[in-house]
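Protein chains in written order, with the numbering used here: chain A, -1 to 322; chain B, 10 to 287.
Hints listed in this document are in silico derivations from the structure and should not be mistaken for laboratory results.
Since we're looking at a predicted model, the values are computed, not measured.
Hints are not guaranteed to be accurate.
To be verified - Keeping only pairs whose Cα atoms sit at most 25 Å apart, straight-line, the calculated SDA-like set for lysine to any residue is:
1. A/K154 / B/R152
2. A/K179 / B/F146
3. A/K149 / B/F146
4. A/K238 / A/T25
5. A/K154 / B/V233
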Amino acid sequence: MTRTHIRRVSALALALCLGGVSAQGATTVRLGYFPNLTHAPALSGLERGTFQKALGSKVKLDARSFVSGTTLTEAFAAGQIDLAYIGPGPAINAATRGMPLQIIAGASEAGAVLIARGDSAIRSYADLAGKRVAVPSLGNTQDISLRHILKEEGLKLQTDGGNVVVTPVAPADIAAAFAGKRVDATLVPEPWGALLQAQGHRMIGNEKTVWRGGRYPTTLLIVNTRFAQANPTLVANFLKAHADAVAYLGRSPAAARTLINAQLDRLTGQKVDVRALQRAMTRTRFTTALDLKALTEYAALNVEAGYARNVPDLRSFVNLGFKR
Amino acid sequence: MSAPAPRTDPAPVRTRLPRWRVLSWQLIGLALILGVWWLVTDGLKLYPPYVFPSPSQVWTEISYGLWGTGPQDGKLLSAIGGSLRRVLTGYGIAVVLGALVGLLMGAWLPLRATLGAYLTGIQSVPSIAFVPFAILFFGLNERAVLFVVILEGFIPVALAVSGALLNVPPALRIAGRTLGARGLSMTTGVLLPAALPNVLTGLRTAWSFAWRALVGAELLISGVASIGEQLEVGRATANVALVLASIIIIGIIGGVFDALLRAVEGRVRRDYGLEVTQ
């Protein structure tokens, strides 16, 4: 190996280590989000151009949608995501495993409902005994909530010797899974719950009965710690845009619905009925605030579900004071 | 055992090492792998633990999963139980079904020319490609997993049985016929015993196909205690140590069963005089 070779290799290694985050300031911000109403700040912010405007013309916004926190976390681990809207379940798990992330704001609360197939006999949580229940992904926020509901009802999973089966199905695919009778119920984020309801399926638990009377975070805003350290201004600007997007949802819900619908249609190929979307929005609260107590309790539910062995110290990855 | 006769011909190429030497080389290899693994993770810290965990982290997952006593522990153990039950059921059905179809194909050439060709074609489709169809047809349940396992397992058996039957030396058929074997007695008394070594190779291929198909299907059809689900849970919760633990267990189980079948195969081949013991 010649000296030039060594230099080249080490330069390459250094570039790989830095993972595309340059100290000079990023020229691209890679944002992750899901096509759910609980991610409405992302959906409307993207459709309105709020984020791009806040980042300025020199920075390119590269927004990528994910089916669930699982795939997003993988992209995050691979260093392909700088900022993301994500549920507390995957965020806590990722942080617990040592991924360099910081929770910097809340985005939505509640907004998940339990829907049973219209032709099933399910009328209450207790009726889930012996049934097959879908969640967006194993280990995701709704999965953790569902496992807690089942425990409260004294029901056990088939994998733990009980008779309830929890199975991952992407929310946009639940209608087809219901039609094929592959699942009997689902705990889904909005607007998929309201959409299923509009198709004649039955709501068994609303956003308030899922957990804590509806006072729980469903979506958070996270940032890659190294990206935040290298680009504090960009993150601060994005946070302002996020706050603006949340405020917009409260200020002009009707206009926001149109924007959200356009994004959902583009991402999932499904147009959500306006009334269903309206109903879904009343069940979801958009806020930049984050209830730390609820988040800690969520981490405890995560342990209860068997996805982690201990509740992590939230102070190590929640940074709500990220401002400039 | 009589003393070996003095050799006049050149010594044959050694294909077997003494068992203790194989074992010691394998142990050295394992130590090397673990050493390099430790070096790039805990030693040099080339990768963050959420991308590539260290041997000790994976060991922690294995120990909690196999003999942990906490309320959520022991999941790998129940997963292994579930997966083994499923693969043995599927493999058992596949072997019976494959033997039947193989016999029919061996007995009737038109069937072999048509079905045999289709089966070879189907065999080239990765098992995971059948999972979406199985889910639609059977639902998100164990039957869908079994379907894929049986489908993948029975084809090698059927092809091996029919192939082995066709490769039975004509002399054996003639001898059998002279001794009065006809129809069923010819099949069970002459052809199948003669085909056994090749059939056993098919059974071993079928095992590895079935085991791989099982894990692939379990990955997509969760909700039943299975190693595939443990792998998926690890992935879903960013627990790479659990992912690696599952992969190691999948490899160990697959390897142990393959070794068992290989031993049976070797025994039969030696009994048939196809392999010489030193």
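Practice prompt. Please write out, lowest number first, the hints stated earlier that are contradicted by the structure.
Written response: Violated hint: only 3; rest satisfied.
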